[in-house]
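As they're listed, the protein sequences go chains X and A.
When you number the first sequence by numbering that gives the first Met the number 0, it's gap-free, plus one each residue, and the end is 148.
When you number the second sequence by numbering that gives the first Met the number 0, it's gap-free, plus one each residue, and the end is 90.
In case anyone wonders, no lab produced these hints; they're calculated from the structure.
Please note that the accuracy of each hint is not assured.
[Unchecked claim] Now the stretches of chain X that chain A is said to cover, found in silico as 3 or more residues with beta-carbon under 8 Å:
{"id": "1", "segment": "26 to 36"}
{"id": "2", "segment": "108 to 122"}
[Stated by the list, open to error] Label-pair ranges, simulated between beta-carbon atoms:
{"id": "3", "chain 1": "X", "residue 1": "Gln123", "chain 2": "A", "residue 2": "Pro55", "range": "32 to 42 Å"}
{"id": "4", "chain 1": "X", "residue 1": "Asp125", "chain 2": "A", "residue 2": "Pro52", "range": "39 to 49 Å"}
{"id": "5", "chain 1": "A", "residue 1": "Asp82", "chain 2": "X", "residue 2": "Asp141", "range": "43 to 53 Å"}
{"id": "6", "chain 1": "X", "residue 1": "Thr33", "chain 2": "A", "residue 2": "Ser70", "range": "18 to 28 Å"}
{"id": "7", "chain 1": "X", "residue 1": "Ile82", "chain 2": "A", "residue 2": "Ser31", "range": "16 to 26 Å"}
[To be verified] To give a feel for the contact side, a few chain A residues facing chain X, derived at Cβ under 8 Å:
{"id": "8", "residue": "Thr37"}
{"id": "9", "residue": "Thr45"}
{"id": "10", "residue": "Thr71"}
A virtual CB, placed ideally from N, CA and C, is assigned to each residue, including glycine.
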Amino acid sequence: MNIEQRLAGYVRQGDYDGYVAARYPEIGDGEDLTFEGEDFSGVDLRQFPLDFTTFDHCVLDGAKLTGLPIAIRDSSAKGLNLIDASAIIDAYNSDFRGFQYDERTLLARPENGDRGCSHFYGCQFDPETRKHFAEQGVIFVDNLEAPTA
Amino acid sequence: MGRRCTGSASYCDCRYHKNLRDSPNDDNAGFSVGDRWTADDGTSHTVNPTSDPQVPGGYYHSQTNSDGEKSTAVYNSDGSLADIKQNRDWQ
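Same shape as in the complex, but just chain X (with noise of 0.2 Å):
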């Protein structure tokens, strides 16, 4: 089992504790994390330390998040729940159909410039629920560009 496999398990079983002991000898701040074709469906993940973590053919259903960044590719999360939250999400043919959110939920900040917005190309939303993170400031791309890094 490598070190993401071992990092995923301790965020499906909530333990903090483990999570950072396995992490930080191995995966320091700022450096990338990547999960490939892992199953966190309903799970919360807030309180784990999961900027510049890229989800790869990942399950999200119905799962809690924040952070930033964080990358989710040709994944589905479907009833993503970032209500109560802030997050700069760059994803890439995802499904978020179902996105939970609130008037504190928070993806984009145009204001710090591009880098400080989320960006979803050739993700599936909800019509109100893009309608309403397009005004914010999120870009939403139809076709499957490539997103640089």
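Assemble chain A onto chain X, guided by the hints.
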């Protein structure tokens, strides 16, 4: 900010590092821990709290230039550079 930061996080005089050292959550700094922004030269900056158990209450500053090169420095809560392995290139 006019030029790319290339020096030690502890001594670099770019306005982001200076502000980080002086007052990361000061309203006058223009940003705070938990921010991500694009600088005038296109460099992206991210400041987040660290959960590294060696740096309780600290934070980190990560920047990525237009070539995709990323560097990160971790700071103690008082703004000093944390004495951890990850910072060895800054010391």
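Going down the list of hints, with the structure as the test:
no. : hint                              : verdict
1   : 26 to 36                          : holds (count 4)
2   : 108 to 122                        : holds (count 6)
3   : X:Gln123 with A:Pro55: 32 to 42 Å : holds (41 Å)
4   : X:Asp125 with A:Pro52: 39 to 49 Å : holds (40 Å)
5   : A:Asp82 with X:Asp141: 43 to 53 Å : holds (48 Å)
6   : X:Thr33 with A:Ser70: 18 to 28 Å  : holds (20 Å)
7   : X:Ile82 with A:Ser31: 16 to 26 Å  : holds (22 Å)
8   : Thr37                             : holds (3 Å)
9   : Thr45                             : holds (7 Å)
10  : Thr71                             : holds (3 Å)
Figure legend: structure checked against the earlier numbered hints; every hint is met.
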